[in-house]
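Undergrad: Please work from the sequences and hints to get the whole structure.
One-letter residues, chain by chain:
Protein chains: 2
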Amino acid sequence: MEYVNLNGQLVRDADAKIHISDLGLRRGYGAFEFFRVLRGVPVFIEDHLDRFENSSRAIDLEVPYSRAELEGFVRELIRANNLQSAGIQLVLTGGYSEDIFTPGHPNLIIAPIALREYPPALYQQGVKVITHRHEREIPEAKTTAYLTAVKLGPRMKAEGAAEVIYHDGKWVTEGARSSLGFVKDGVLVTAKDGVLPGITRIHALRLAEQLMPVEHRAFTLDELYAADEVFITSSTRGVMPVTRIDDRLVGNGQVGPKVSALVKAFQAHVEEYVARHAAVDSRWSIANSQ
Amino acid sequence: MEYVNLNGQLVRDADAKIHISDLGLRRGYGAFEFFRVLRGVPVFIEDHLDRFENSSRAIDLEVPYSRAELEGFVRELIRANNLQSAGIQLVLTGGYSEDIFTPGHPNLIIAPIALREYPPALYQQGVKVITHRHEREIPEAKTTAYLTAVKLGPRMKAEGAAEVIYHDGKWVTEGARSSLGFVKDGVLVTAKDGVLPGITRIHALRLAEQLMPVEHRAFTLDELYAADEVFITSSTRGVMPVTRIDDRLVGNGQVGPKVSALVKAFQAHVEEYVARHAAVDSRWSIANSQ
Numbered sequence: 001m002e003y004v005n006l007n008g009q010l011v012r013d014a015d016a017k018i019h020i021s022d023l024g025l026r027r028g029y030g031a032f033e034f035f036r037v038l039r040g041v042p043v044f045i046e047d048h049l050d051r052f053e054n055s056s057r058a059i060d061l062e063v064p065y066s067r068a069e070l071e072g073f074v075r076e077l078i079r080a081n082n083l084q085s086a087g088i089q090l091v092l093t094g095g096y097s098e099d100i101f102t103p104g105h106p107n108l109i110i111a112p113i114a115l116r117e118y119p120p121a122l123y124q125q126g127v128k129v130i131t132h133r134h135e136r137e138i139p140e141a142k143t144t145a146y147l148t149a150v151k152l153g154p155r156m157k158a159e160g161a162a163e164v165i166y167h168d169g170k171w172v173t174e175g176a177r178s179s180l181g182f183v184k185d186g187v188l189v190t191a192k193d194g195v196l197p198g199i200t201r202i203h204a205l206r207l208a209e210q211l212m213p214v215e216h217r218a219f220t221l222d223e224l225y226a227a228d229e230v231f232i233t234s235s236t237r238g239v240m241p242v243t244r245i246d247d248r249l250v251g252n253g254q255v256g257p258k259v260s261a262l263v264k265a266f267q268a269h270v271e272e273y274v275a276r277h278a279a280v281d282s283r284w285s286i287a288n289s290q
Numbered sequence: 001m002e003y004v005n006l007n008g009q010l011v012r013d014a015d016a017k018i019h020i021s022d023l024g025l026r027r028g029y030g031a032f033e034f035f036r037v038l039r040g041v042p043v044f045i046e047d048h049l050d051r052f053e054n055s056s057r058a059i060d061l062e063v064p065y066s067r068a069e070l071e072g073f074v075r076e077l078i079r080a081n082n083l084q085s086a087g088i089q090l091v092l093t094g095g096y097s098e099d100i101f102t103p104g105h106p107n108l109i110i111a112p113i114a115l116r117e118y119p120p121a122l123y124q125q126g127v128k129v130i131t132h133r134h135e136r137e138i139p140e141a142k143t144t145a146y147l148t149a150v151k152l153g154p155r156m157k158a159e160g161a162a163e164v165i166y167h168d169g170k171w172v173t174e175g176a177r178s179s180l181g182f183v184k185d186g187v188l189v190t191a192k193d194g195v196l197p198g199i200t201r202i203h204a205l206r207l208a209e210q211l212m213p214v215e216h217r218a219f220t221l222d223e224l225y226a227a228d229e230v231f232i233t234s235s236t237r238g239v240m241p242v243t244r245i246d247d248r249l250v251g252n253g254q255v256g257p258k259v260s261a262l263v264k265a266f267q268a269h270v271e272e273y274v275a276r277h278a279a280v281d282s283r284w285s286i287a288n289s290q
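Taken in order, these protein sequences are the chains called A and B. The opening residue of the first sequence carries number 1 in my numbering; numbering runs sequentially from there. The opening residue of the second sequence carries number 1 in my numbering; numbering runs sequentially from there.
In case anyone wonders, no lab produced these hints; they're calculated from the structure. Take the hints with a grain of salt, since some may be wrong.
[Claimed, not checked] Straight line, CA to CA, 25 Å or less: simulated PhoX-like cross-link-like pairs of lysine-lysine:
1. A:17 <-> B:17
2. B:170 <-> A:170
3. A:128 <-> A:264
TA: Structure (structure tokens):
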């Protein structure tokens, strides 16, 4: 990618550097956000910018730009890099700190990243996930605290897993980079609180309510192992069926009808969103590039 | 401070910048170390470099410099900044990452920071600490994961507390930036495992064994509240007496005799270390500046 946005300025990627006194770098103090760009459209950008502001507030940082400015930076970045299909990450750090502990004026990074497309076969066959005992710090906020997730990367790869699901020894919360839910006896169950408000999850659950009863409640690892169908949700994956957890099959190891219907409903929902916004965004783009 | 060391090079602080694709910045993926410099001597540097290598290994990063090189960088930095009394932090990050998730070649930062001296009165009167439910990720390693600690900064300040002590609802582990122990009926109790191997703690416990029986075992918040004497240890504070935990007094609220003796023994131990190494270090410095 040729350009990123650093503190409100579009700069060449090669020049995008920050001083080492930044608290994101030195103390892992930063809010994080990620969304997809599809055919040039930032998908569910309103929800993502809402959450970015909430995550920032949860760690006592104030985004030093208005919502209109943030959205402008994103659209300018999409245009400058001519992004069609990609991801965009936002990071708001604790800023430069003299004592390397007390937050200063936040630094904002908005950077595109290349995304691999998931093979359609994965949505028909499902993926494997592994489990790990861990709770994210400040679970309601999306932050740069991915130490455990990054460290588990090689284990995931070795075990052929698409994701790691966190639990506390009994209760299941969320994935390292996804939310999750399961279907048992026709009812969809997903966590109620103590988890990140996943944007894909919110949209998917709204669609799921048309398809089956939905329960928001705490659930255990044993319940997850005994589920008929399991799925994870994330901005990159959408709704993705899970057919294996650790060394156990989910149900008969095949993608079930309820999750399969939800996968399709969500894909259609995204398509509809992109089609609806592509026209608007292209007018925005023309108006703002003159 | 005028100079820092970035990836083995002494550079002016103003020029010490890293690219935004660094995994320490974007995913909080970094090993951390901190030690004091007293009269130009890096205190217990051998132990700190040992732990830095261990922490790096714990998050699957390899320090890309030999021990002799690392020590050379530190001594060169002390000389270049003419450091007499200061702190030095080391950070080894996951490096530049194309997918912003998979670690690359690590980036090394060695940077001095100004240290306030703690008023001697604090060692005679003791300090207040507050408690918070939290467990550090990968507790045996010192990493840049200080999200909770930094967020608690304003609460500490508002409550006049010198430190936050972490517990899991029952068991006490360690401070946000310190280790701790207590004395009950003449016996010193300190955590056995699941905590950072504090360098000051290790040295202090060795001295404590000359003064009283020492038990390494898990202990609860209730036990801590009921202790006769409590102390925290850290590189900046040495051994510091705690006379208040949340809204409760420790014992009668005065610094007790056992902790008082330990404070003095540790101060003498550091003085002895600095005196012993000052002569050697000045020879090293002369030999290497020619």
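Undergrad: Checking each numbered hint in turn, tell me which of them this model violates, lowest number first.
TA: none
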